[in-house]
Structures are given as C-alpha cells and as structure tokens.
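**Student:** Next come the chains, spelled out residue by residue.
Number of protein chains: 4
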Amino acid sequence: MANSPLRVASIGYAFMGKAHSQAWRNVASYFDVPPVEQAVLVGRQPDAVKAAAQKLGWLSTASDWREVIARDDIDIVDICAPGRMHAEVAIAALEAGKHVIVEKPLANSVEEAQRMAAAFEAAEARGQHAIVNFNYRRVPALVVAQRLIADGRIGTIRHVRAAYLQDWLTDSSGPMSWRLRKEDAGSGALGDLGSHVADIVQHVTGQNILAISGGLRTFVTERPAGDSGGGGILGSGGGGPLEPVTVDDAAWGTGELSGGAVVQMEVTRMALGRKNGLTLEIYGDRGAITFDLENLNELQFFDGRDAAGEQGFRRILVTEADHPYVGAWWPDGHIIGWEHSFTHQFAEFLWSIRDSTPSTPSFAEGLRVQRVLAAIEESASNSGSYIRLD
Amino acid sequence: MANSPLRVASIGYAFMGKAHSQAWRNVASYFDVPPVEQAVLVGRQPDAVKAAAQKLGWLSTASDWREVIARDDIDIVDICAPGRMHAEVAIAALEAGKHVIVEKPLANSVEEAQRMAAAFEAAEARGQHAIVNFNYRRVPALVVAQRLIADGRIGTIRHVRAAYLQDWLTDSSGPMSWRLRKEDAGSGALGDLGSHVADIVQHVTGQNILAISGGLRTFVTERPAGDSGGGGILGSGGGGPLEPVTVDDAAWGTGELSGGAVVQMEVTRMALGRKNGLTLEIYGDRGAITFDLENLNELQFFDGRDAAGEQGFRRILVTEADHPYVGAWWPDGHIIGWEHSFTHQFAEFLWSIRDSTPSTPSFAEGLRVQRVLAAIEESASNSGSYIRLD
Amino acid sequence: MANSPLRVASIGYAFMGKAHSQAWRNVASYFDVPPVEQAVLVGRQPDAVKAAAQKLGWLSTASDWREVIARDDIDIVDICAPGRMHAEVAIAALEAGKHVIVEKPLANSVEEAQRMAAAFEAAEARGQHAIVNFNYRRVPALVVAQRLIADGRIGTIRHVRAAYLQDWLTDSSGPMSWRLRKEDAGSGALGDLGSHVADIVQHVTGQNILAISGGLRTFVTERPAGDSGGGGILGSGGGGPLEPVTVDDAAWGTGELSGGAVVQMEVTRMALGRKNGLTLEIYGDRGAITFDLENLNELQFFDGRDAAGEQGFRRILVTEADHPYVGAWWPDGHIIGWEHSFTHQFAEFLWSIRDSTPSTPSFAEGLRVQRVLAAIEESASNSGSYIRLD
Amino acid sequence: MANSPLRVASIGYAFMGKAHSQAWRNVASYFDVPPVEQAVLVGRQPDAVKAAAQKLGWLSTASDWREVIARDDIDIVDICAPGRMHAEVAIAALEAGKHVIVEKPLANSVEEAQRMAAAFEAAEARGQHAIVNFNYRRVPALVVAQRLIADGRIGTIRHVRAAYLQDWLTDSSGPMSWRLRKEDAGSGALGDLGSHVADIVQHVTGQNILAISGGLRTFVTERPAGDSGGGGILGSGGGGPLEPVTVDDAAWGTGELSGGAVVQMEVTRMALGRKNGLTLEIYGDRGAITFDLENLNELQFFDGRDAAGEQGFRRILVTEADHPYVGAWWPDGHIIGWEHSFTHQFAEFLWSIRDSTPSTPSFAEGLRVQRVLAAIEESASNSGSYIRLD
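Note that the protein sequences, when read in sequence, are chains G, Y, C and X.
Residue 1 is where the first sequence starts when you use our numbering, and the numbers rise one by one after that.
Residue 1 is where the second sequence starts when you use our numbering, and the numbers rise one by one after that.
Residue 1 is where the third sequence starts when you use our numbering, and the numbers rise one by one after that.
Residue 1 is where the fourth sequence starts when you use our numbering, and the numbers rise one by one after that.
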C-alpha cells in the first residue's frame, strides 16, 4: 500500500491541463516524490480527451467528473476546468475524500471561495490535502526573494510595486472569447492576472494586504463573436456580430500591507510589447529586490550592507545547485522554463502528502486573494475609496 | 542694441543654482542663441555668494533680489530660490518687466501658482517671456518619445506608468532638512518628484490628467534636527533633538488622461537602490515606449508595425546627429549627462525670446501640474476618492 | 509495422543522459513525431543504471552496449558516453543498421571523426540517419537568427564575435575530474565549449571558417586527485595528491569566414560570474544580432532598415506562436528552458527519419567542427600562425 | 605670480578641440584647481578660428603655432591637431618650456613616440609636465574598476576581453576622409580605437601587454573622394572618383598580460548598431568587472566573496558623492556625460602641476601603447605570429 502510487485524475486539458500534465509526467524524474500515476484525464468530448490523454501521458480517460470522483482508485483530483466549475468540483472531490489541486484563481467569487475553504477545513481533519495552484511561488528566484525577506535582508518594507502586463487583447478587432464573459471567467485581468499578483505580493513579503483602493477598466467594450469556449487563450473565430465584453481589460489598486508598506499593483492585457510581464519590486530599509517573469531565472538584489561605493542591484542567475529546486535540474547557468514552476509545486504537494504537513498555497490563502480582488471591485464602485480587509 | 547680450540675474546658488549656471555658461558654445551674459548672482551671504559667483562664472554679485530686479540692465531673472519664494520673486520680476525662469515646481500652492500665471498673462501682453523649468522635457530621448506619440506611432494610449524613485531618505536616523518642513518646501516627494512626473506625463502624451485618486505617506515622522537651510540635499547635521517631518516621503495616484488612458504614478525618496529613477512606460495600441532617467540617453520603443516574429522593444541610443539637440554636442554614441537638459531648456528659452514665440513650459502648464498635486492631496484626505480636475 | 514505435537505446545517464531522457520522454507530448519508445538504458553499473532508468522513464536496462546494438528490436542508438567511446560505439551502431545520435563533440580527434563520417556515408546509402547533437542549433532564438541571415536581413557579415564563458574551474584548489584528463576528454574548454561555438558560428552564418589563428591556456596545471569518472561536472573528491591537468582551461581563435567576415572566438571555464555564457554577436552591413544563452529566449536584432533616429537593438522575446518550435509549448511570453533545445533536436531527428530527409547536424558537419578545433591546436603550437582549413 | 592663471594655448578646434575647450571652460567650476585661462586658440583659417574661439570661450586667436609657442605668456600647449603634427608640435613646445597635452594616440609611429618621450624626459628635469589624453582613464566607473583591481578584489586576472566597436564606416558608399588616409591618420581603427583599448587594458589592470598576435582588415578598399581634411568625423562630400582607403577598418589581437592573463581585443568602425561601444570585461579568481562606454555611468562588478546563492553581477551606478570625481558634480543618480572625462583629466593635470607630482598618462605610457599597435601591425604581416614586446 505504501508503495502503490498516488493516482491522479485531471479535469481539463487545455492550456492549464497541458501544463499540469507535464508536471505529473516529469516530477518523479527530478524530485524524490512518492510514486504518482497519471491515471485518468477527464473531458466532455471523448475523442478529444482520448487524443489529449495519449499525447500528455494519461493512462485512461473519462467524460463525467462525478463518476471519476466517486471512484475508489483515485487519490488526487486536479482541477484545470474553467473557474465557474472550481467550487462544485473541488467541494465534491473533498467530500469524496480526495486530495485536491485547484488551478488559480480559487473561485469566481468570495462566496464560492468561502465554501471551498470550509469544505477543506472539514477534509483537513480527515487527513486530506488541497492547494490552489499559485505556481509562481515555486519559481526559484521568487523563493530566494521570499527567503531574503524572511531573513530580514530587505529590512522594513516601504514599497511594493507589482504589475502583470500582457498584450494579447491590444487589437480592438480581436474576437470574443469565454475569458471575456463574466459568467464564464468571473472577471478579466483582475482574476486571471490580479490573483497572481495579490498572492505573490502577500506570499513573498509574508504580509497581508489590509486595505486597498482600486479600479477596473474595459477599453474595448464589444468584440466580434468568436469561439464558444475552446482551448486557446483567444478565440480564433471573429467576424460574427458584436458581443459585449463583460469583464475588465485592466485592473489596479494601491494598498497597505500589514507591515506598513505601500503596495501599488496594476494588471492588464493591453500593454503592447509585454507578453508575460509579471514584475515585482520590493524596497525595504536594508535591501531591495526586483523580478520579471519574462526573465524568470534572474533575481535582482540590492544589498544595503554592501560597502559604500560598491552598492548596486545584483543580477543573481538563480540556476545554481544550492538555489531552491534547481539542483534537481541542470548544472549552473542552464536556465529552466516557465512550466518548471508547476513541477516544483506538484513536488511540494506530494511531499506534504507524504509528510502529513500542511499543503500550500492553501484554500485559505486562495480565499484571501479572492477578498483582495473583491475589494478592488468594491473600491472601483465607490470612486476609488479605500476598502478595508479584515 | 540688437547685439547687446541678454543679461541674467540668478537667485540661488545651491544645487539648482549650480545647474542653471552651467547652462548659462555653456549654452552659447553649443547652440546658436542670442548673446547672453551671466551678469549677477544673488544670495544673502556676501562671502558665500562671491565665492560661488567666481566658481560658476558670474560677473558680479548682490544680496538683495529686490534691488536687482529694479535694475535696468537685467533682462532675465532666473529663480533658483526655495519654493516659498517663487511667487513673490517671480511676480515682482514680471512686474518689473523682466523675462523669468522659475525652477520647478512653479509654487508651493495652487493659489500662488494662479497668481503667478495671472501675473505672466499681463506680462506676456507686454512681450515678456517666462517658463517653469521642467527640464526633463528637454532630455533628447523624451523629445523623441513625445514626437513618436504626436506622430501617432504609439496609437491610442491605454496605459501610462510613471514613477520617480529615489532613496536618500531611506535611513530613518538621517537628519532633518528644510526639504522636510512643509513651510519651506510646500510638500515632500509630491512636489519635488511628483511635479516632474505630472508634467512629463502630460507633456509627452499631449494629454491632461482629468481625474485622480491618490495618497501620501510619511514613513519616518521625526528626525534629528540638522541643518537650518543650507545647500545640500540632506542636512549634514543630525544628533540634535527630534523634529517632526511635516511633508510626505512618498506619494502616488492613479488617474485618467483626457484620451482615456489609465495613468499610474508613484514617487518616493525611500526606494533603496533607486538613485534618480524617473521611469516612464507608455502603452498604446500601435506601439509602446519606456524610459529611465538613470539611463537618459536611451529610449525603448516597441513598434507594433514591425513584422510578426520580429517585434520587440528597441533600445534607441538617442545620441545621433539627427536626434533633437544632440547634433550640437558630440558624435554618435557619445552620451550626454543630466545637466545637458538645462542647457537645452535655456536654449529653447533664448530662442523663444529671439523669435517672439511662446515659451514653454509655461506658467499655465506649471499651474496645471500644481492642480494635479493638490488633487492628490485632496484625494488623500478623502479616503482615496477620485478628484476631478477642471 | 508503420505504427510500431521507434525503439531507442541510450548509452549513458549522467548529465547528458538525463537531458536526452527528458527529450525522449516529452517530445511526443508537444510535437507530432513518429511514435518513439524509451526501450533500454545502457550503463556499466547494474544498480545505478536501474535506478536511473526508473527515474528517467526507460523500460529496461542493459550493461553491455555491444549486446544492445546487436538486438533487432532497437532502432536508434543514442550515445551520451564520454568522448573517447563515440567513434567505436557510433561506428558499431551504424554497421548494425541503427540510426545514431552522438552527443557533441563528435569525437576526440579529427581521425576518429573522419572514420565516423565515412561510416555514416555507407550507412546513409542504406537509409540510416545520424546526427551529432549540437543542440543549440534548435534554440528558437538562434533559429530566428539563422533565418534572418539566410534572408539577407543582416547583409554582408563583417564581424562575428562569439564566446562561451563558464566559471566552474575558477577555484584553483578544486579537484581533478575526468574532464581534465586528455585521454578521457580529448581536450578541455576547446572541445567542450569550442565545439559548440564553432558549430553555431558556421551554422547560423551559413559560412565556413577558412583559416584560423588561435591558442590554448591551462591556468591551473595540477589539481588534487578527485573522482575517477563519475557523473558530476566536477569531481566531488579532492584532498588527494596533486594530479596534472592535461587539457586546456581556455582556448581562443580569430578566423576568417568564407564570406569574408572576421570571427573572434573565446571559450573558458574560468570567467568568474559567467555560468553558461554562450554569447554571439554578428554584424553585417544591413543588420546585426546578438544572443546570450543565459537568456536564451531572447534575440537582439538591429535592423538597418529602420528609420533614421529610430534604430536600435530590438529585444525579441522569442516565445510567440509563430516563432520556430514555440507554438508547441505555451502562450506568448512563457519562456522555455535550456533542455527544450534537446526536445526540438530530437523532434527534427524523428521527422527526418519519417520523411527520409537528411538529418542535421550531420557527421560531416561534426567533422568540420573537429577540424576547426584541430586547427586551433595546431596554431597554438605554431606561435599563433594562421592555419588554413580545406 | 602664484595667483596668475595658467594660460593655455590650444591647437585645433574640430571635434577634439571642442571637447578640450569645454573642459578648460568648466574645470574650475567643479574642481579646486589652480586658476586657468583660455588664452589663445590656434588654427590656420583666421575667420574660422575666430568664430570658434568666440563660441568656445577663448580670449584670442592665432594662426601660427610656432609663434604661439614662442610667447612667454603661454604656460600650457594643448595639441588637438591631427596625429601627423603631434611629434613636431609637442617637441617644440617642450623645448620652449611649456607644459603639454597631446590628444591620443601620442603619435603616428613608434619612432615619433620615442622622440616625444625623450623630449619629455629632458623637459621633466626642468619641471615641466606632459600628458597624452587617454581620457577614459578618468571615467569614474573605470577609476572604480582600477581601484577594485589594485585592492585585490578581482584577484588573479585570467581573462581580459576588450572591444571598441563603432559603425560609422558601415556604408560602403560613404565618402573618403582624412581619417582613412595613412599619411594623415597613421592608421585607422587600430590607432584611433585600438590605442584607447590598449591603454585602458594596461591602466585598469596595472599590467603590461607582453606579447600579442593580431591582424588588420580593410573591408572597403576604396571610397568616393570627399573632403580634404575638414572637421567632421566623416567627410560630407562623396560623389567624386574613387580613392583608395589606406588604413584598416578593423584590427584585433590576442595577447598576454604581465600577470599571466589572456587578453582578447577587437576594434572596428563597422559593427552596425554599435555607436561608441568600448566594452571591457575582466575576470579574476576573486571577482569580475564589466563596462560599456555607451553606458559610462555604470560598472558591473561580480564579487566572489558574496554569499553562495547570492552572487551576481552588480550594477553600480557610479554617480555617488563618494565615487571618484562625482561629488563635484550633481547628487546621486544624476548621470554625467562623455565629455566629463576630459574635465577630470584636465583637473588631474592641473593638480599635478600645482603639486609637482608626475602627470599621467605619461608620454612613456603613450609610447608603450604605440608599441602594442606596432606589434599588431607586425603580427598581421607575419601570419598572426606572436610578437614579443620588451
């Protein structure tokens, strides 16, 4: 029994399903994790899911997630389905005794997130594990950043500047997509990108956002009807009648962290030239760090203890054997890619199951992020006034 | 008479006086400007002003600015004195028929700025000229940026991200300074750095800020008493009893430009590692630009017209003969320094006098900046609510 | 038969074996390649090879490469063993009718490389395929570079500047390793790093090195005896008696390309701070490109056709769907890692087998690289005089 | 007499004359130097020299350098004339008892440089001073580099990589210029750019080049006849009959420093996209530095003493009060330009006169550079063989 592998069922095989699959397929080749098996890939279209399963390394397929959850031989349910399904599937899986991974953001609303967190509390008492997949926590450079801060190397933080800039919606004539419908996606850049920003800011600093003033903007309010929910980021169709865009193209907020820092955040899908520009700047009274996801193997670190006249931002190429996770991969200087953060995340999840330690990022942390997003929406409806978070 | 030089009186010889002096001393060596003479340097301490005049190239000195303004042989009054003196000196000089240069920000309050703008309106009718010295408008890279936008190369602007980050107040035990007293400096980072940001954002985009939500923060609320108003940026003293800091260490705002863009701004003197980090990012639907004052000879330009697969931010080294102002200096690739922006500004001023064309940045533009700063202060007092600017 | 997978035997499971394994394990998840099976991993120590096989995804193991080559059910022999074994194993495999992949450099000497190329010529006539794994040809940014040059966008090339700088031998007290013994490794930085440089220069420019003047240097001539041939890059031992280092720590050359360009190259394992710094600069009369392997998702491109005043090196983030190979991975801006170049290489190899097209990099190209390395050695023995290559 | 200013005569008012003039005009405004006076500007065309003198701040003009040198009221002779005049003018000025500044390179040949060094030896015994103006020694970032090396922070140097890349000759149809005629310019990129590289490498490392293997290349061997010796870098004419280019477009060398390091150098005027790209990389066993003149306010420093996992190249913005020379200019982070290096150089020269200390860079150092250039030419004529320098 101890040697039988943890059997995974994954729901969804679009962009995120593909990323999760690669992590399951490779995690044991690099990390000493409990044995794990890609047992079943779940999707509604049998032919498509079979083709995906073969390509992505899954042993079998299924079309009804409820049946899969009911099976005894599944240990982990990995949810890559659209946000509107997260709460229902995750709660059912937890109630069925499964460990659960939910792709971020945790849910489409605070209410859903609260129910999920409650369901997990009950499950945790039964020895189950669950995480929301804020994978950027596992980018080695950001782990180094988090440790430097935890070790006091940055000192008292005064400023956090965070942005997540993409440009795939720049073209006003681009087609409609499920990601631009509120009922499917919950929100736009706010949930998709803002959730990453809110989580990484709080995680790396070790502080909570206490209050926030923010706003939302939809630059392009209608687009030609396109796909009806397929896999690509942006629907390929277009040319149909105009359909209203019901989510934000951009969102922002200025808040206060529990340690007193000012945090300024901005996310958008309309910053031409920025492809995947999650940037983070943290300034304390002893040091500073900056990071850019487009260059994720690097961390810039300014150490205020360096001798006068010799200070400067130091480009740490976070690819050395003694950097977190990196020793498992290649020799110094051989960079890793974006998807490796998923592999690290899943290794951590498997270790926490093996060791019966708390799994993170927890649903409670996912709920906290949801509250930040909701506060930005509320502030946006109140002329930018600060909203307190409890 | 046509050949007699324009005679300048400059008030103040600290940091800004030194920068202005270099521009007067050198402008005619590089640009075809009307003859100009460094006639008199004005300061209250006779010995110090004499020493400064000799070092900085002034032909004579005086201690009473009123007497100097009253003289017939002075054509231009150049005000580098602290902000609290701007309105009084500038209005008196305008009334005495002089051309006037006021160091930025124009004034310590909207009310002062309004009076100055009114005084200039009357003077303009008499053929006088006046500017507020937002010198960064004359950084060649920012001129290129402004022209690209004016030519439609950036398209409809969606996002402007601007920051001015310095770190000289990071140390909490650093001494008090006149710059940290509201009665002397008007405000802290807001007026000193925020005025540059507000001006450059509006100037480069060619748009006005219509509304803004913002805030202020003083991280270190008292400091050991230091100097009593000397020349250095930070007093050298310290060690005395604690004195309250009455200005902001940091300020920020998120606003809307007249063309519909979202503009996010942040200024601080506590971003460790940033020495003079005025950064600007502008994203449109056809192109994007970024700029960093610590690297002021460069402009990054993303041209959305470049072929697919070949797009990227292009580092334009703005040091070529056909770049603005640059042909007057050195061959391609020989970079210029921060102070050269003053030389360009003064050349522009002298040309506008010679050609009887409007001088810019005008007092009206300086007043508009002042209104932005006041709106941030008002928003800060109103829980971050948006304040409309007329 | 058409549907039966190509069955691979891989010899070696250290650094390179691990990299090759990941490519075999994942190539079919991203690219439409013929079915392939990780059939057998070959190594001399049964326990170690079994453990490696399980981790890296191999279905079985073997300890004698001759037996494996003799098997009918093996289609591809993938040689990751030390350089001294390349010729013997590759020639045997080719004679046994297998397709062959040889890790770079092709051999430890020109003579070996010649025999291998001859063996392949005979095998090619029988429909077999073989490559030497110069994987950097498959880095997307370098494919873009190669295409820009082939399309005439760089124009007539005048200068190529190439370097491969690492620092893992900087410490003079570091232990001896098989990589520092001539009988095992053939040469030092010259073969290990210089082979990459010589290949990528010739491949990207599409030109051959016609003549070269060069040199070699061993900075640390003896080191404490360490490992006896294990897997790590640098032996972990040390502390033993001093053993002579019989290979070069650094090598360099200045040559002439067939198109008339000057090419300057330098490789070293002693450039402190450079972890995996393969850099390439190519200057033509119409454009220029630069590249750095530590940042392998980026290509810098200077287009001489850009308007005057708007020219500059453009940072192309080579992560877009229409960039080579990249569409198979993640959305725009999601960077890939170093190992992905192996996946691309193996996909190309499988495609060439499927389509019966020539496989590259060919043994002939590997031989040409070997001749460049030999010419540098010869020049080094002749006071730096130019050596002509036929 | 002690208070009477040092009176300067400057010969030449093209690019270099303009740069020297600015230094004379401004040096006393920033540095505590002995009083200095821009006494006379010397040039052959009376109208042109008068116009230049007025623009550049000279009190008078003259057309015959011999007469000026004969005058009693001239203390310093500053030679910005073409290289072919250096030896004659400098020797005459030294014999006339003047202090002398010679623009680099010291001469057009080793023989001339030897005579100049000999003339200075005699003059030095009489208390005179002379320098060759290798102004990059006075770039603050390079002073920091030189000090780090002198302090042992880089350790034993293994590799020096230096290049000076420009692109103004890229266009094959560009016109002929005096700079491309051997009888006027002595050599091409070799003397113009290579002299800077040879000097800065030897100065910053504190080591001499002992032997060198090198080469020269003229890519464009004839150009349309253009100017007959005017001021611009490149003649404006063109369109005339083709005239042979008799100097090199590019030069290179690989040498050995006295401390055992390998130094690789390359200079060219045909690296499209590089405007003024003097780059320097120095790798030792304790640290490393890199520098780029296009970004001259920055130094990159890798400190091998930094903790494992926190190492990286540190961007030192060399604009702080405690950096060399910088305190005299502006507050932290306010960058200086290319021409400031001349101001620093002249301040150093004036201080050495005041203090009767040796002036540097000395003629002996200029001669040593000349020998390096001659060795490259000799090696180029001997198939790249190493040439020993005594």
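A couple of the hints might just be wrong.
Because identical chains cannot be distinguished in the list, a pair is counted as satisfied if it fits within a single copy or across any two copies.
What the hints assert, rightly or not - Heads up, simulated DSBU-like pairs for lysine-lysine below, C-alpha to C-alpha not over 35 Å straight-line:
id, residue 1, residue 2
1, LYS18, LYS55
2, LYS182, LYS55
3, LYS50, LYS182
4, LYS182, LYS18
5, LYS18, LYS50
The set of hints was computed from the structure by calculation and includes no laboratory data.
In this text, all values refer to a predicted model and were calculated from it rather than measured experimentally.
**Student:** Would you mind marking each hint as holding or not holding in the structure?
**Tutor:** Hint by hint, here is what the structure shows:
1. For a Cα distance limit of 35 Å, the shortest separation of LYS18 from LYS55 qualifies both inside one copy, at 9 Å, and across copies, at 21 Å.
2. Only within a single protomer do LYS182 and LYS55 lie at most 35 Å apart by alpha-carbon distance; the minimum there is 32 Å, versus 44 Å between protomers.
3. In this homomeric assembly, LYS50 and LYS182 come within 35 Å of each other (Cα to Cα) only inside a single copy, at 30 Å, whereas the closest approach across copies is 52 Å.
4. When the C-alpha separation of LYS182 and LYS18 is checked against a cutoff of 35 Å, the pair qualifies only within one copy, where the shortest distance is 24 Å, while the shortest distance between copies is 45 Å.
5. With identical chains, the CA atoms of LYS18 and LYS50 are at most 35 Å apart both within one copy (13 Å) and between copies (29 Å).
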